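Number of protein chains: 2
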Amino acid sequence: MKRRFSLLCICVLSLQMLFASQPNKLNEKRSHFKGKKPKYVFYFIGDGFGLSQSNAAEAYLAALNGKEGIQKLSMNTFPTQGFYTTYAENRFITGSAAAGTALSTGNKTSIGTIGMDASKQKPLVTIAEKARDKGYKVGVVTSVSLDHATPASFYAHQPSRNKYYNISVDLGKSQFNFFGGGGIKHPEGDGKTVKKNSVANMGLDDGAKINDHQENAITLAEKNGYTFVKTNEAFRKIKKGDDKVVAINYRLAGGKSLPYSIDQTEGDLSLGDYTQKAIEVLDNKKGFFLMVEGGKIDWACHANDAATAINEVIQFDLAIQKALDFYEKHPKETLIVVCGDHETGGLGLGFSGSHYHSDFKLLKNQKSSYEVFSARIKEMKKTGASFDQVMKAVRDNYGFDSGEKEMILSEYEIRQMKQAYDQSFGKGEKISNRDQYFQLYGSYDPVTVTACHILAQKAGLGWTTFSHTATPIPVRAIGSGAYLFEGYFDNTDMPKNIEVLMNL
Amino acid sequence: MKRRFSLLCICVLSLQMLFASQPNKLNEKRSHFKGKKPKYVFYFIGDGFGLSQSNAAEAYLAALNGKEGIQKLSMNTFPTQGFYTTYAENRFITGSAAAGTALSTGNKTSIGTIGMDASKQKPLVTIAEKARDKGYKVGVVTSVSLDHATPASFYAHQPSRNKYYNISVDLGKSQFNFFGGGGIKHPEGDGKTVKKNSVANMGLDDGAKINDHQENAITLAEKNGYTFVKTNEAFRKIKKGDDKVVAINYRLAGGKSLPYSIDQTEGDLSLGDYTQKAIEVLDNKKGFFLMVEGGKIDWACHANDAATAINEVIQFDLAIQKALDFYEKHPKETLIVVCGDHETGGLGLGFSGSHYHSDFKLLKNQKSSYEVFSARIKEMKKTGASFDQVMKAVRDNYGFDSGEKEMILSEYEIRQMKQAYDQSFGKGEKISNRDQYFQLYGSYDPVTVTACHILAQKAGLGWTTFSHTATPIPVRAIGSGAYLFEGYFDNTDMPKNIEVLMNL
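Chains A and B are the protein sequences, given in the same order. Sequential numbering of the first sequence, starting at 13, is according to the working numbering. Sequential numbering of the second sequence, starting at 13, is according to the working numbering.
Hints are computed from structural coordinates only; laboratory data are not their basis. Treat the numbers as computed from the prediction; the structure is a model and nothing was measured. Beta carbons are placed, not taken as given, at the ideal position from N, Cα and C, and that holds for glycine. One should not assume that every hint holds.
[As the list claims (entries may be wrong)] To be clear about the criterion: a stretch of chain A counts as covered by chain B if any three or more of its residues have a C-beta under 8 Å from a C-beta of chain B, and this derived list gives those stretches:
| id | segment |
| --- | --- |
| 1 | 96-102 |
| 2 | 449-457 |
| 3 | 460-468 |
All chains, full assembly: derive it from the sequences and hints.
The following block contains the structure:
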């Protein structure tokens, strides 16, 4: 049987090579591009944003609206759709640094590397830098810290994404016109070791202790002409013509990011607000390039928190709507591209325990993100809260055992919660096997992650991992040159298309 | 916080409605089609074939070839790629009958319904029937039984996919020119009850006992002029100009299907052989319509058997290559469309326990499908085999604890196997909770499904369900009119495109 199958494989491979020997059609399409080139280019990147995240958000919106099927996100009404592979130079499942570098430079690189080649020796010029050098204004907006892997891939050149201090120094030297969203992680130097391959490290590669007691990166940026804006009042005053602005949110959540959409309160600025402000600042006759990252879809998916992730997708889509509004005014000169760097969580729109049943509106029961809820559990640990007390908090945050029949916890689910409580609070039988523990809870608080799992499962969603996956990522495009983003290609093709379209 | 989010949702919905009010662009594209219309149309449908199944096969081929990343399947070299939603009239997660009917008629219908509207009252005309009536020759090829949901959706009109006898009677009346692949399930009448919502029923809807002691469906078909061919020798003699042929494989596996690719032996006919024969029989100056189903990708994914599923995808791609060979001879008159009816299993290209690591070549260690291996376990149950004896068989079939370091079973994995053995063989502590049992094993033999899970996990793959999922499905097209299959649309758009292109 095995021999027959090997023969079959050789046969498939030969046929494929024959077919693959045809000229690269995307190259050909690029070189034949004769249309009007876009002056205003938007590059939206959802971190951890795969096909399932998009579809789950659409199903959720339909469910809220009492509609069968889906309610399309704005991005999914774009006329052009394609998808691409994401693997890194040295790993099939990529990370945000290698993926960001592929999307910013058109080169595969090694895991953890920002804007440099796979050997971490040679800096690679990014499309944002090329756009700057050609006289376009350039902006970078993100819901996570401004020195995080995806935004950093557009302006920094560092052998490790963990060199946050060096990255923020690069930010200050970038000459880009606008930065907005989260904060600067370690402006005074990184100063602490990120343990190699630790769970908190989310698969990063670098464990070295790096850069301490340097000149403050913010001070350096200010010397280079940047103004840091931190209050909502000052944010509102930023206007057309302002330059070299770094707008940091007044209220930062974990990792110096914007609070999750689900946790935002009155007065919080959203990703859409930063996108809108970036457009105001960058808008000029010579054109602009704006990268906007929906960075916390990924974080919520790492935690397998479906409700929080879906809300982040919807926020991301609202930011895209700001670009669409701009597009409506300049349809022949604007290009909007929306994509993701990789999928996170192996989100499946079906769960074994719920069989063929889905009920996405149940997700609306969740009140706050895993981040906020984990903090509450952490507080409860200090007082040695009982299982009943913890379950009261769980029921309150996730809406279990409330009015709806579908929200009643089953005997098995309560047992899972009890096991999680025992692990969180160091009671009962400890799970001594590391593999077993990690498969259940990853690096998250057991009570929180189990509650997130149960809610997702009741809605009809399942997860395969707390890490990224390698599934191809959809891209949508509208406007001038959008058709280059049709088909099935590689993430390195993305900036190559933009380069051709912007004459970089 | 919740109020803010509700406002946000209303805002998203309003914006979406504004955007959705633009004219249906696909309709417009169809009505403006001016190109040469295809005379030869191939419609390949992979059952249970989503983006992950395609990508896993490509990663596997690359791994076998010692290459990083992917090795493209032939189908994925097609210039046009799109994807579509699959939900049924009455369920978000569709089934093969409703999905097949959408793909054959352009109408949403209810779960379990074949070629009829959602109320199960009104028959719907399929594109295959319309093609027949317009003078095209028509063929149906599948790796499962010829009366299974997907092929049946092209010629039958029955309120339930479980009415196999009625469906095979419809086959005999269809006047289609060629059928090939699996067998006829119940030619003498169904005669047995399929329990409603039973696990073995894979989410079907109908529990009625139906049609017994009728005239044999094969005899009826023969009266209508059909010739049934069952030996390889007779199969080889089928030639151009032959008509009304039903070619059934000489060796049928479970459900009267072709044996799994991984289980095929010398002399077995493949899906590609049936596709090639269909082309020979149908080829004529007036043109033809050929539907080919890769039907067992779905079954292997229901069982969470990654190695078997991937081999089925590769077989499916080899069948597509037969159509590509034909396309090369008639490039201006041929259209090939390759799609799927839904995804099965929630396959994720990443597993919590393997973190960011993948090693797809490990899957080649598996010797036979879950089907063949389950049968072996069933035999072992009769002799009351010990855990050690069963583990010897497991190690032999899946290659665990063999030469490669990566194939060594961990302490936790051995514990999982022992628990599965206890459940399979009725020993040790029984899992009394139905939810827990189902989430672990679905309706499959616990030893087999656990071994399949462990191998998949070592390779870096995870599953979320034993059922289908609702994730959108990719479509690829090449040839005349292929560009209509670009973008993100609904499964009901698929036959509408083909209708326009074939003037049906």
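Q: Of all the hints given earlier, name the ones this structure violates by number, lowest first.
A: Number 3 - this is the single hint that the structure violates.
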